[in-house]
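Q: If you want the building blocks of each chain, they are given just below.
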Amino acid sequence: MTFRTRLLISFGVVVLVPLLVFGLGIRSEMSRRVAGEDTRRVTALVNVISADIARENDRIAARLAALRRSLVDDIDFRNVVVRGADRTNFLDYAGNAMRVAGLDFLQIQDDEGRVLSSGHFRNEYDRLGPAVSGTTLVRAAAAEGPFLALVTSDSLTVGGRRFRVVGGTAVDSQFLARLARDPELGVGLRLPSDSATADSGKLVVGQLTLPYIDAVDGPGRVEQAHIVVTRSSALLAALQHNVNLWFGAAVLVAALAALLLAGWLSTRISTPVEAGFREMERRVAIGDLARQVNHDVKNGLAPLRNVFRHLTQVARETPDELPQVFKERQGTVESSINYLETLAANYAKLSPQSERKATDVNAVVRETIQGSPSVRTKLAEGLRPVSADALVLRRIIENLVSNALDSLDGKNGAVTIATEQAKHVVRVAVSDTGRGMTKAELDRAFDDFYTTKPGGTGLGLSIVRRLVLDSNGSLKVETKPGEGSTFIIEIPAQ
Amino acid sequence: MGGAAPAPEESCLLPTGAVSTTASHTITIGLTEPVDPRHAPIATNDAERIVFRHLYETPIRFDCDGHAVPELADKWTKDDDGRRWTFQLRDDAQFWDGAPVTAQDVVFGKGGLGYTLGALETHVVTVMLAKPKDEVPSVLGDPGLAVTKPAPDSSWPIGTGPYWVTNATTTTQQEIRAHSTRGDTLVFKLVSGGDARDLLDGGVDLLVTRDRALRDYAATLPNHTVTALPWDRTYIYVTAEAGSTRFDGGSLEQSVRAEARRPEGGFWWLDLRGSGCGVGQSMSPPPQSGQHRILYVRSDPTARELAGRLAALTHAVATGRDADDFSSALAAGKDWGYVVALPRVTSDPCRVAKASLPAWAATFTALLDTRATAIARRGVARWTVDQDGTVHLAP
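Residue numbers (this note's numbering), protein chains in the order written: chain A, 61 to 554; chain B, 303 to 697.
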């Protein structure tokens, strides 16, 4: 992984993680505020419904009070209840009064709750009506079928007998529609007989409880009904979907922007840093080399100094033995000199004089291997020339091919040179099917003087690395013990 | 036995006081129900009864006391111990278009259970009865035997009555005008959903109603007489729930706004099973479906109130239907119960039963008898009442 890639990932993580955290925070806060606002709306609507019902109840109560006063004064009613007169005409009393009062439900009940006159269902007289006290939701019978009414009651006394006037307005879809002031919230009814999952498309978000009497088949008993505030689950899902969609889009756009910024920054930063790294590596290598040269020269000079001191001592003390001693020590001197010469030759290889110019990589490869049967080539056509010294490039390839051939250990195997045009570089891969390298070997493979070959100088790969770096290129190794290695060089194309 | 047409009994005339006779005049009759010419000559409501009675004629009719009165036939004789009756058509009997009425016009396509019609001569109709009768066979007064023929340019069939329709060709008109050869004009005004009291205050000369409130209002008008007509209608409850129907409230008459009484016996419809009329012939009624519903004819307020009372007593639901839909539903028998209005007397029980009662095995429970009230302006015309309660101008 290159330094630029690492930098890109680091920048990405550094930017994206806070961005994500920030986004999630915003989303969470937004959801909390939306939920809070929704709760306030639902609460407000429930309060409005409650006020509407109270107002409706007051309206009904006012009409019942007027009816009560009229009923007390009504002669037909008095004749029926006090003198037992024919009630035929009185059966129509509630119907007429109901229409005059603008009500949808009206019963006049005796002290037992028996209906004397019914406005909404003229012929339900003699039946027991619902015992209503206060605002109550009543499911009432009518000739054409049951209906719901919001009713309340009033009472009066005529001839020493107590009577009750029960009246109300129909609770139908129009009534519920009037209660639903918020276009996004629906208002419905949930009766005790309704199943909880009556309408799966609606979410109950608020409710108001009312006493409820089912008086269709008799006086009924008081239960509880609920006026429920509902929201369409589809609407909620759509809202949630939109929020998530926009949140995702915002995060995506921000992430893309962050990645672009990270890419630009990593490029801006990595280019000089990588150059500095290379320079630092170079300086380190020079320092290492200088220390090595110092050490090696000292090693070469030490025998010479010893021989010289010995000869000096012999010449001072026993001049006659000087030839004999010189002869005896000549081998040491010559060996040291040879050593130093070899050392000098090797070091000379570390400081090539390169001359960069447009170089055809394929031509260098062909020239290097000169039809060697041991090396196969896969050379890409149309390679762009690289900016490098052809001689340096040849030394790189020579070293890598030499190493590759050596790794075969004389066994049958293959060494392949492949070239490839990448985006901005020309890639040269030297592969072998030799013994490969262990992790430890790989870690030291580019160290100076490290070798696993008998008689090797340990400078081959070190030289290769330096030459590649000098050419502004890069070198990487893919290797597996027992299966071989591939050295990949990337040289900037012109 | 032979007979000339007797004059209508005084007892059948409405008490309208002395009537001044003039050369020609206009009589206005108020109607509170719709009139559909397609029903002619068999009426389905009180309004159609009055209108059709003036436009179409049966061979004879029966006055409120049950006496036979000449119409198309002015003479009749009995033969074969009352098994064969011969009717002589009036010499001047003719259709509105001037075509003479022949015996063939009377008998063509007619006939029913227990009698056979024949055209003996041009103006002689014979009736062969399955069972001999001493009295004139009442079937000759049935509206089903009224003589009509199709009119090419009108929805009203051409009749033989003293009046013919001159202005109405559709079912939506608010006024029907009819004229007689004497130059008299009959104007039928329909209230059409408005207040029937407006008709009275607007000057109608006759209005027949079953509404108690309207009757009570008319009683306050100084120039009108209010006369209760014969008990002419019985409401019955028809259900397949044999033995399960109990209406022992005893005060059903309170539940309706019409003048009503507990039903009195002599129900002709009780003897129909096995008579060949097709009533109650099916062994079992069809299975019921859905909610317990009691059906009634929507345009009949008394039937609606009765159905409502029965629904209140049985926790069922009363559901109104148009007349045609009601007949279909009754024939199908899939509902819990039906409130059916039947005439208390009929000239042809089989015809009425086929039109009004189901073929499946049903339980019939008499609910109420009702009657109408005739409200007539004093001193304008002489009105008489037939056996079936129909009011019409006296000849």
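Calculated directly from the structure, the hints in this document are not laboratory data.
Think of the CB as a built atom: it goes at the ideal place given N, C-alpha and C, for glycine as much as any other residue.
There could be a bad hint or two in this list.
A short, non-exhaustive set of chain A residues, derived as facing chain B with CB atoms under 10 Å [unchecked claim]: (1) Gly-144; (2) Ala-145; (3) Arg-147; (4) Asn-149; (5) Leu-151; (6) Phe-181; (7) Tyr-185; (8) Asp-186; (9) Pro-206; (10) Val-276; (11) Pro-279; (12) Glu-283; (13) Asp-530.
Q: Evaluate each hint against the coordinates.
A: These are the hints, each one checked on the structure:
1. Against a cut-off of 10 Å between C-beta atoms, the interface hint on Gly-144(A) is violated, since the closest Cβ of chain B lies about 13 Å away.
2. The closest approach between the C-beta of Ala-145(A) and any C-beta of chain B is roughly 12 Å, which is over the 10 Å cut-off, so the hint fails.
3. With a least beta-carbon distance of about 7 Å to chain B, the hint placing Arg-147(A) at the interface is held under the 10 Å criterion.
4. With 10 Å as the threshold, the beta carbon of Asn-149(A) comes within range of chain B, its nearest partner Cβ sitting at about 9 Å, so the hint holds.
5. Below 10 Å, beta-carbon pairs count as interface contacts, and Leu-151(A) has one with chain B at about 6 Å; its hint therefore holds.
6. At a threshold of 10 Å, the smallest CB-CB gap from Phe-181(A) to chain B is about 7 Å, leaving the interface hint in force.
7. Given hint, Tyr-185(A) at the interface with chain B, holds; its Cβ is 8 Å from that chain's nearest Cβ, closer than 10 Å.
8. The beta carbon of Asp-186(A) is positioned within 10 Å of a beta carbon in chain B (closest approach about 7 Å), and the interface hint is therefore held.
9. A cut of 10 Å between beta carbons decides the hint on Pro-206(A): the least distance to chain B is about 8 Å, and the hint holds.
10. Interface hint status for Val-276(A): upheld, as the beta-carbon distance to the closest one in chain B is roughly 7 Å, under 10 Å.
11. The closest approach between the C-beta of Pro-279(A) and any C-beta of chain B is roughly 13 Å, which is over the 10 Å cut-off, so the hint fails.
12. A least Cβ separation of about 19 Å between Glu-283(A) and chain B goes past the 10 Å threshold, and the interface hint is therefore violated.
13. For the restraint placing Asp-530(A) at the interface with chain B, the shortest Cβ-Cβ distance is roughly 99 Å, beyond the 10 Å limit, so the hint is violated.
Hint compliance for this structure: hints 1, 2, 11, 12, 13 are not met, and every other hint is.
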